Each structure stands twice: as structure tokens, then as C-alpha cells.
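Chains as they are written, first to last, in our numbering: chain A, 1 to 333; chain B, 1 to 317; chain C, 1 to 297.
Don't read these hints as lab results, they were simulated from the structure.
Note that the coordinates shown come from a computational prediction; the quantities given were computed from them, not determined experimentally.
Do not take every clue at face value.
Claimed, not checked - Cβ-Cβ distance ranges computed for the label pairs, FRET-style:
#1 B:Gly307 x A:Pro6: 53 to 61 Å
#2 B:Ala123 x C:Thr24: 19 to 27 Å
#3 C:Asp136 x A:Arg272: 58 to 66 Å
#4 C:Lys294 x A:Gly278: 23 to 31 Å
#5 A:Asp115 x B:Glu293: 42 to 50 Å
Glycine residues also receive a C-beta, built at the ideal position from the N, C-alpha and C atoms.
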Amino acid sequence: MEEKKPLLEIENLEVVYQTDEATVHAVNGISFSLNEKETIGLVGETGAGKTTTALTILRLLPERTGRVLGGKILFHGENLFEKTIPEMRHVRGAEISIIFQDPMTALNPALTVGDQVLESLEIHNTAGKSKEELNARVDELFNLVGIPAERKKEYPHQFSGGMKQRIVIAIALACAPQLLIADEPTTALDVTIQAQVLKLMETLKSELGTSMIIITHDLGVVAETCDKVAVMYAGEIVEAGTAEDIFNGAVHHPYTVGLFNAIPNLDEKTERLNPIDGLMPDPANLPEGCKFGPRCPHCMEECRQGAPYLYKENEHRILCNLYRKEVNDEKLG
Amino acid sequence: MKNLVETVDLKKYFTVGTNRQLHAVDGINLEIPEGQTLGVVGESGCGKSTLGRVVMGLLPATSGQINLDGQDIVSCSKREFKKVRRKVQMIFQDPYSSLDPRMSIYELIAEPLIMNKVYSSNAEVLRRVQELMETVGLAERYINSYPHELDGGRRQRIGVARALALNPKFIVCDEPVSALDVSIQAQILNLLMDMQRDLGLTYLFITHNLAVVKHISDVIMVMYLGQCVEIAPSDELFANPKHPYTQALLDAILKPVLGSDKERKLIRGEVTSPIDPPAGCRFAKRCEHCRPECTGRDLKLVDLGDGHKVACVLAGS
Amino acid sequence: MSKEKEVLKTGQSKIKKKSRSQETWRRFRKNKLALFGMILFAVILLVTILADVIVSYDVSVTQVASERLQSPSASHWFGTDNYGRDLFARIVHGSRNSLLVGFGSVIIGVTLGGMLGAVCGYLGGRFDAIVMRVLDSIMCIPTTMLALAIVAALGTSLGNVLMAMTISSVPRYCRIIRSSVLGVTGQTYIEAAHSCGTPDFQIILKHVLPNAIGPIIVQATMAVGSAIISAAGISFVGMGIQPPAPEWGAMLNEARTYMTMYPYMVLFPGLAIGFTALSMNLMGDGLRDALDPKLKD
Chain A
1 MEEKKPLLEI ENLEVVYQTD EATVHAVNGI SFSLNEKETI GLVGETGAGK
51 TTTALTILRL LPERTGRVLG GKILFHGENL FEKTIPEMRH VRGAEISIIF
101 QDPMTALNPA LTVGDQVLES LEIHNTAGKS KEELNARVDE LFNLVGIPAE
151 RKKEYPHQFS GGMKQRIVIA IALACAPQLL IADEPTTALD VTIQAQVLKL
201 METLKSELGT SMIIITHDLG VVAETCDKVA VMYAGEIVEA GTAEDIFNGA
251 VHHPYTVGLF NAIPNLDEKT ERLNPIDGLM PDPANLPEGC KFGPRCPHCM
301 EECRQGAPYL YKENEHRILC NLYRKEVNDE KLG
Chain B
1 MKNLVETVDL KKYFTVGTNR QLHAVDGINL EIPEGQTLGV VGESGCGKST
51 LGRVVMGLLP ATSGQINLDG QDIVSCSKRE FKKVRRKVQM IFQDPYSSLD
101 PRMSIYELIA EPLIMNKVYS SNAEVLRRVQ ELMETVGLAE RYINSYPHEL
151 DGGRRQRIGV ARALALNPKF IVCDEPVSAL DVSIQAQILN LLMDMQRDLG
201 LTYLFITHNL AVVKHISDVI MVMYLGQCVE IAPSDELFAN PKHPYTQALL
251 DAILKPVLGS DKERKLIRGE VTSPIDPPAG CRFAKRCEHC RPECTGRDLK
301 LVDLGDGHKV ACVLAGS
Chain C
1 MSKEKEVLKT GQSKIKKKSR SQETWRRFRK NKLALFGMIL FAVILLVTIL
51 ADVIVSYDVS VTQVASERLQ SPSASHWFGT DNYGRDLFAR IVHGSRNSLL
101 VGFGSVIIGV TLGGMLGAVC GYLGGRFDAI VMRVLDSIMC IPTTMLALAI
151 VAALGTSLGN VLMAMTISSV PRYCRIIRSS VLGVTGQTYI EAAHSCGTPD
201 FQIILKHVLP NAIGPIIVQA TMAVGSAIIS AAGISFVGMG IQPPAPEWGA
251 MLNEARTYMT MYPYMVLFPG LAIGFTALSM NLMGDGLRDA LDPKLKD
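Full structure from sequences and hints, please.
Below you can see the structure in the form of C-alpha cells.
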């Protein structure tokens, strides 16, 4: 097996949104790493801190409220927090780019789609390529995402949702970034179109060797695309591991179990679904101890006190006291 | 079992530009027996939401019949319609935009009661609001809260309470869980199914989520560009889809299981325009089995027995 | 079912429902600036009502040749003007005309324009198109010109000035309300109200207007000050309130010539208009926020 090089390492990242009324703890000390040519899925529900994590990587947090309290984000071994603003501007787009959820609003309605792709090429045109070369690259990108290059003179409203998402992907890929962050890339799309777009992303990954972070709430999307998975809850990664660990592993965090059980199963007839009791905690007012404690069917006395135990086995991590005694973990940890 | 809701050749066209017609709903026949759920699936723009709004009288039908509890609401007078109206209610997709942000929870749930002059005294209205809140599982302390203070799941419970306020027989659910997180989605689906069991409600359940529709529906109708391409009992539809579009739709479902990386049969292209569509199968352009006889004339639904009907030239052969 | 239910208190409920006006007042009260605006406005209103008690009307119109252009002093708090009239008395008595024109034109203008705009935005279609074209053509004429033309045609009187100013301001309010109503009618909660059988009229009253009212409150409170000034413009060309009757805007006009030498002549009527506008503005902002439950606490 070839030696994998880590592309992105996040260590103990902590992010809050500071407003006049409250401090919202959006991300509470998460760590994960992503190797080249790998795809990691960040899974979780609204308010789990997935999008905040993505914005922090690009240092795009809202200036007035967003604060990074601690931690490091290493990209190629360099801490992104130590970069100057012009350096960061180069990283964005040229090395790391992001696709947002809603393709309908991500494009400027007053510019042709070709110009919008060209624009991102021009901004990062450090090699001083000629106009013709850039235009040729635009055509190439359109072909890559499966849109005939003749349509580059059209405006966004002339395209359907799936086509727009392809254009957004073309813009994101314009400068051949090493890391692509996709924030709910298919949520706004229809099922058949979703399948097409995921297929496209899969192809791009294998052709271009881009690493990806896919942010989603849909476990189906994760199963389809990801090598690694991190399940987020209330700003923490409660379970992480390879896709194999998450989907077929023997032990899981109770929240992961809950997520799987809440989805209607297509293969069996069930009378009732099993929702997770209660609600997401208020991120401005998180519970003591395990954040999932109040909703957890296995909640014990010790869960309400300190931070929960971190279970480790190979790459599989579970943040839960249930597994404290199970494995002889000193050896592994 | 008696059908509570029936439509006969229901059409809803919108005029676009000067003289062109957008065929949003084009000749739908449906029957929903009392106490059952008809699921309607299809992609955005297939007319499923319009169908729901026409069936409950929010939009006037272009032609056809809608029989609600034995009364045709397309041809009846305004006064007769007003009487029937109370039997039909709707639950909306987005609990964030379907509740007036300036109204308290009490005002929101009381609105249908007050507007229809169900009770003569405020005390009775208050009692009914409290009762409804309990039915849908909302704690009483939220009575003075405003929608923005609650999460999506609780907001949708308000939507359900509003729909139940007038003791309807029939509820049109337009994507009631699409805007919710999975764990909350399950709570609302359970609530809807409990309501159906306890109150004998009949649902028209509109969604694009196939797993949800299979879970809640007795019969499922697949719509494509305003037409019904296939209708069957839900297990039968999933086990034995006949229409190429249904097959592609089911094939595109992403299951949360590893190793289902089978080659998907992706449908080519995108949905064609619903404006003045030519006669013939509307899926023909994207269909891999398309033959000459698919175009030129409209296809009828072919009955395959056991309530399974499909509009495709391949069926029966 | 039981599992998902919230924990409900058993027995009789102790939670009372609160009425909307109580809630609005409670939120308004919390806003110190708005409260200050309200007190300021109350003071101004009190002065207007009690004008005759404070100082006799005669003082405000009596010209004393020997006391022309005096600076503020114990006998003339705000000084005197070029005719030797006491400015304090003129401001106190001028408040009646000024407030009447200022508030009158804005309140009537907002009410008419608002209702018309709400109906247009809600109904749309041909009615909307016709009304909007008519209003657009009115809007083409400069406001002051239009007001002057109306007063010239109908004759000089306070009532006519009021009417002229109202007519010329209606189109603007109508446009503002219509555009915010258009935004609101697209919302699903309007459809939701239809679906539970709420009649159109009630929908406009209960859902559309409360949600569309924000921009107009701010506009209207800012317009009070400028309405007082435009009324002065009409007075200036001799078609508004007839001299020697006191009126703030007219006082400002008269003071123009003496501004560099006797700044107090501009200062006091200016302050009077300014404070009135300020009180309205603070109250308006507070009211808008108090009506919006999202900004609660």
C-alpha cells in the first residue's frame, strides 16, 4: 500500500459565534485529517457545526461574530490561521474551493455562465496565461461537467437546477483545487438529478484526484461517495472512522444508531419509525458532560459529569462512555 | 370501502405569455378510499403540488371533476363549497414560511376556529387550542411563543394542529417533512400516522422522498409532467415497477448501505417543458425504450390488475 | 405517541394567553429611546393643547416696533422677529397649524395610500395596473407644484392645503406599501390562511398589513418634518396659512434674511420642527420593533 500523505489536518478546532446576547458554541474541539485523493463525509443535522467547519477552513467566518478560539488547520502542513489575507485569497479558489447548497442563488443572474467560469480563472491567473488559453480552459471545464461548450454564452436562468449545479462545480474546479468542499451539494436537487451530479463528482474525483469534504445530512449520499465519515453532533465529532466502520462496524455512538433508525427502511415494512427523543441542544447553552446525554437512551450518571470517553480502534473513534470497559484500549490508544 | 376523494380527468392549465398553456395537471384520475393514504411522487415541476392545491380548492381547476365526500367542488356554488371546505385541510412544506411570524402560537391555532366561527366564546376557543396542542404534542407553555422561537419540528406540529382544528376528513400533506432533519422527520411522520389511526383521516401525501412515501402510503401515484405514469399499491410499486420512469426513480434512491455501488441506470437529460407538450408519452425523449408508437398519441393507463396501472406501451407486452 | 409528547402539566392550566396589544406595549416599553420619543411628543402635544393657557394668542401676532429683532431675554425667551413679535408665543401658537398640517397630511396620506397599496398588491391584475398608472402620472408632477395647483384651484384655506399635501403624498405611500405587500402575498402563510378558510379582507387585515407595515412606519415618521416644511413652502408663495397667523415653516422662511445676524430666529422654529420630527422618528422605530415579535427581548 502506498504511503498516504495528509492533505488537511484539523486539530482541536473550536469556533464560537459571539453576539451581544450569547456565545454560540458552534464547533467544540474537533479533529480529523484527510489524505490526498480521499473523500470524507461530515454528517449531522442542522446546527451540528458542519457548515461552520467548512467556512473556518476557508477562513470565511462572518467577521463580526465568528471567532476561532483554538486549534489548528494544517493544509499541506501549513497552518491556515497563520496565513496573511492575500495568501489566504490565493488558497481560496486555487487550492481549496467550495460548492454551496443552493445552485439557484450561487450564480450571478446578470452574467453569462461562461463569463462566471472565466472570472474565477482570471482571478487566479498567476501564470499570466493569454485570453485564448483561458477561454480554451473554460470550454474544457464545460465539457468536463457535461455541458456543451456552446451554452457558455447563456445566462443562469436558462439552465435547470441540475445544470446550474454543474456550472457551480465547473467554477469550483476551474483552478484545479486540491481540496473541494461540497456543502450539501445535492440537497436542492431532484433524485434523478442528484444521482447524475453525484456520478459526476465521482468521475471528477477519480480523474482529477481531488480530495473532497462532503457535508450532508443524507446517509445515502455518504454511503455512495465517501471513504471516511465523521458524524457531528452539537459541534463535536461523536463518531468517526472509515465508511466501513460507520456503516458495517459492530459498535456505534448512540446518536449514529439513532440517525440510522430514524430513516424509513425501504426493504422492510415497519409500522412506526424510531425518532431520536428530544431536540438538538441550544448551542448557546450546551449540557454538561456528553452533549447527547439528554437524548440518549443509554445515558448514565458519569455521562452527565465529565467529557465522555474516547474509544479508539484503528481509525474508528467513538466519543461515548459505553465503550469505556469493553476493549483493552490502553494498548491501542 | 367508499372513496372519500375522487377526481375525474382533472386538468389545471396556467396561461403563460399570451397564448401558451402550461399543463401543470393534465388529466388526473384518482380515488382515495376513506382512511387511506395516497402518495404522490415526482420531481420538481411535475405538477404534484399544483394537484394538491387544486384538489383542496386553493386553485380553481381548468376542467374535470373533484368529488369530495360526494360533492363535486368544481361545479358547485360558492356557498356549497364553503361547507365542504372545512372537511379539507392542508399541511405545508416549509414550517418556516407557512406560519405568520407575527402571530403567537395561540393566534395561529385559533385562526381557523375564529375565522369559521366554530365557537361563540373565547373560552371555548382557548380550550380547543389547548386540546389541539396536546393532541399534536406541544407543551402548553408555548401558547404565547412565536414561531421563530421554536424549532422546525415544533413548528410543523403547529401546522398539523391548524390543519386538525376544524376536524377535517381529508388532509393534503404537501412535502410536510422535507424541510426537517431526519430525526424530527420521523417524529412528524409518526404523528401523522397516529392521527390517521385515531381520527380516521384520509391523506393525499405529496413528496419527492421515496423512502418516506413508501412508509406512509397505501397506494402510490408516480407523476411526470402533469400526468400519472404509474399507480399501484406501495409494496407492489416498489417490488414491481413497470414504467421506465418509475424504474429510474427507484434506481436513483441512495440507500444508507455500503457496497450498493451498482451501476445506476441514469436517465438521460432533464425534464422537458410542460408548456404545450406534444401528444404522446411525455417521458419519451428521455426513455431508453422509446419507440415510434410512443409519440403522436396520448397513452392511456393500462390496468395490470390488483390496482396496478401504468401508462406505457411496454406494459402488457 | 406518548413517548414523543412533551411533558404536559396535569390539572388546570395556569398559563394565560396574552393579548397582542399587551405584548406590543410590553415590548415598546422596554425600548428607552422610543419611550423618550413618546414623552417628547406628549410634551409637544401638551403645549399645543394648552397654548392659550401658556401665552395669549394676541402676543404672538402683536407687532411692537420698539422691540424688533431682540435677542432672547427674560421678557422674550426666544427673542423677537423683524416685526417685533414674541417668538416664544409664535412657536407655541404656531404648533397648532404646523402639527395639523404635518400630522394631518401624513396620517391621511398613509391611511389612504396604505389601503390602496395593500389592495393593489393583494389583488393584482387589472385593478392594480389601472390604479398604479394613475398614481404614476400623479407622481410625475413635482409634489410642491401639484400642491400649489390644487390650492390655487380650490382656494386658500388650511383644509385645502392639507388636502393638497395629502393628494400629492398618496402615490408614494401607495408604492411603498404595495411593494412590501407583494413580498408578503408571495409567502406561504398567506396560502395557509386561505386553506383554513380565512376571508380575503381578514387576510389583508391580519396577515398582510402587519407584515408589510414596517417600511411605511419609518417613512411616515420621517415625512412629518418634511411635511411641515413643504406646508411652509405653500405659505411662502402666499397660498397657505395667511400671515400674520404663526406657523413654524413660515417662521423659518421669514427668518432667512436675518439668519446671519440673528441666528436665534432660525434656531427656535428649526428646533421645534426638529424635535417634533425626532419624537415621531423614535416612536416610529420603537413601534415597528415592538410590532415585530422576532425582535422580542
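Which of the numbered hints above does this structure break?
-> none
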